[in-house]
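**Student:** Just so you know, the sequences run in chain order A and B.
Under numbering that gives the first Met the number 0, think of the first position of the first sequence as 0, with each following residue one higher.
Under numbering that gives the first Met the number 0, think of the first position of the second sequence as 0, with each following residue one higher.
To be clear, the hints were calculated from the coordinates, so they are not data collected in a lab.
We put the CB at the ideal spot given by N, CA and C, even for glycine.
Don't take every hint at face value.
[Unchecked claim] So the derived list for chain A, only partly shown, Cβ under 10 Å to chain B, looks like this:
hint	residue
1	L30
2	N65
3	N70
4	K75
5	N99
6	P124
7	L126
8	Q153
9	A176
10	F209
11	S212
12	K214
13	G253
14	L255
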Amino acid sequence: MNRIDELFKQKKERILSIYFTAGFPKLGDTLTIMEAIEAAGADIIEIGVPYSDPIADGPTIQESNNQALNNGMTLKLLFEQLSELREKVSIPVILMGYLNPVVQYGMEAFCKKCKEVGIDGLILPDLPMQQYLSEYKEIFDAYDLRNTFLISPQTAEERIRQIDQHTDGFIYMVSSASITGAKKEITPEQLAYFERVKAMKLNNPRLIGFGISDKPSFQTASAHSHGAIIGSAFINVLRESSDLKKDINEYIQGILS
Amino acid sequence: MIKVDENGFYGQFGGAYIPEMLYPNIEELRENYELIMESPAFREEFDSLLKDYVGRPTPLFLAKRLSEKYNAKIYLKREDLCHTGAHKINNTVGQIILAKKLNKKRIIAETGAGQHGVATATVCALMGMECTVYMGAVDMERQKPNVERMRILGATVVPANSGSKTLKDATNEAMRQWINNPVDTHYIIGSVVGPHPYPEMVARFQSVISAEMKAQLKEKEGRENPDLVIACVGGGSNAAGAFYHYYNEPSVRLIAVEAAGLGVSSGKSAATTLLGKPGILHGSKTLLMQTEDGQVVEPHSISAGLDYPGIGPVHAHLFESGRGEFVAVEDEHAMQAGIEVSRLEGIIPAIESAHAFSALNQIQYEPTDVIIINLSGRGDKDLDTYIKWGNY
């Protein structure tokens, strides 16, 4: 059974997904970071595939992308690093990246490789639903990869229903009209949006991301959904860290405690 | 036939590869732009502003000394005489009226050389709308007068500090700011790039160029169609406008001129059709200069307006289908052509447009041919570059 399906079957709340950029802060940190995330108690790992032009990302993730590329990270190298993934990590792992590097690798070859190393799902924010359905869905399905679409506060109800129909795994709720990056507090407007989507009783579970950074925002997001995704704030931890294992553990424990 | 399909594709190129956060904005535009553009109220306001504010129609000028030198009948479409000094304002006038009809309160734009930024700041001042222009920090340094022009016009100029700090990064930043302000803001893209419907919409606003060419050539030569139309291509908005009404006239050769920079194989070039392969940037599938790993490569051209790693999807399709002929001109040759046009015709062209003139040295044609070169902008903004180059 796909690990994402398994997770959501067993756990219905306070699911924590952690995003990091492959190749950051150092080229060879990938598996070290993933092991530490799992050991600290997070439920899902999202590996960001670095890209030169990440248009949905704020300064923190832009910089981590740049540094990773300067370090020499490529999709090919990432798959090599992940060849031992399933000997070290047992929780669900998702690849998140912009479409161009994936298309250059070749969608079929990419999906095949994902399956081979033990990736469970994909998030490709600039892959339009229409293209996904007409060109790629069959490939995703053939390699048992879950596909997650995003929604935002501006997404119309009808569109959310469509997305729910074609997503499998979970729906990624972008918390506000915004690119990625840590925010101050969750506003009443955001809470109203969380509740509005919750009341739609979608087929898929919902995780809230963008602007979730600490224990209070994780708790608030979790109270209105199945859990949350933390990216930029975690990247900041990695950037400052002199002891990855210790700092990752402290940060994640601080959120889950 | 060169025509966009309902999903925004020209052949295999185009589409709308955007994060879901931008979907409502793009959908709003896609649903409304044709209705608005075709409404009599819009047409009337657009035509009137093009005439009385921009100064259209721009002349079609028979360049006698250039014709003599190159042994053909060469006409210049004088877009350099548009208000603000280039064709860019045709599009910004159209989009600002559209933005008003969509009840938008703020305008954002990206700019490379600053021409599109100035054209946007200009129409925002005209319409009393708030304007923010994103510009690569490197471009802000090398195009200082245009930065100040935008500020004089009341716009806020924000440096893009990511990546190479040039046009590509300014476009990324404008898209991010649109994600952050999805409801009250319209993004005026300056070229035939970006997600559908932008490439087609911008081409239609610029198509006034070839509409006028047809009428003017008919008057002068007794026929609407020249044998060749030559235009430079960065993203490709002036070329799209100059080619638009000739796409489906097979007797008209369409010559698109790219910037070869220091040479196509020098690693410092912007000749996308020679160096690129299909990829996705800024919301559309097009030819794109990129690494094997799919990372976008930094282009180079002496002309900031051609310094872009992609090309409008319609041009990618012109290239792939063979309908367009693509030529790449090196920095040095473009500069020489700029000086030559200055000396022969008393017109200092923008360095972008100088590339189009230089193509005359690379293509075959007959002495009986009628050629229209789209003189997309004037060289005032490039004086520093001409002076630094120095060979005149």
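**Student:** Now tell me if each hint is right for this structure.
**Tutor:** Here is what the structure says about each hint:
no.	hint	in the structure
1	L30	20 Å, violated
2	N65	7 Å, holds
3	N70	13 Å, violated
4	K75	7 Å, holds
5	N99	5 Å, holds
6	P124	4 Å, holds
7	L126	7 Å, holds
8	Q153	4 Å, holds
9	A176	5 Å, holds
10	F209	9 Å, holds
11	S212	17 Å, violated
12	K214	26 Å, violated
13	G253	28 Å, violated
14	L255	28 Å, violated
Checked against the numbered hints above, the structure breaks hints 1, 3, 11, 12, 13, 14 and satisfies the rest.
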